[in-house]
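In our numbering, the protein residues as written are 5 to 143.
Calculated directly from the structure, the hints in this document are not laboratory data. Ideal placement from N, C-alpha and C gives every residue a C-beta, glycine not left out. There's no promise every hint is true.
Across the chosen pairs, the derived CB separations fall in these ranges [said to hold, decoys possible]:
no., residue 1, residue 2, range
1, MET130, GLY100, 33 to 43 Å
2, PRO112, ASP139, 24 to 34 Å
3, CYS97, THR42, 38 to 48 Å
4, SER93, ILE36, 32 to 42 Å
5, TYR58, PHE110, 32 to 42 Å
Only pairs whose alpha carbons sit at most 20 Å apart, straight line, appear in this in silico EDC-like list of lysine to aspartate or glutamate [stated by the list, open to error]:
no., residue 1, residue 2
6, LYS127, GLU114
7, LYS29, ASP41
8, LYS135, GLU101
9, LYS136, GLU74
10, LYS31, ASP41
11, LYS135, GLU114
12, LYS127, GLU101
13, LYS31, ASP21
14, LYS136, GLU101
15, LYS135, GLU74
16, LYS29, GLU7
17, LYS29, GLU16
18, LYS31, GLU7
19, LYS122, GLU101
20, LYS29, GLU9
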Amino acid sequence: RFELEQALLKGELIVADLPTAWSDKMKEFLGIVPPTDTQGCLQDIHWTRPGFGYFPTYALGNLYAAQFYETAVTQNPLIAQEMAAGQTSALVCWLGENIHQYGRKFTPAELIQRTTGKPLSHKPFMRYVTKKFSDIYNL
């Protein structure tokens, strides 16, 4: 997705060729080809919204979320138990005390350092997805 967006913006790919380019990337990265454009490049609403070029920020958000959550659970182990039971109040309280109350006072880099004691890292996210998919697929 990101590579295709960059190619469009650089003029290296024209819109008419996007469905084929999408299918080629799906085959290259995942070994599958979507049977239709609606299940391929058109499944993504970001192409038609003012947020074009915004999609990669989801990855960044996932990194922040994993690191914040790991810290929250370390500071209050009951959060994980409550979340497993569908209860969010302890996490919402932690977020309010450690993140939300500051609004835009800190940059994202400052906030993650202040809240977790570390700069942003991919490691908490990797721990999260490794555990999640190991549990789901019995790996």
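Numbers of unmet hints, in rising order: 1, 5, 8, 11, 12, 14
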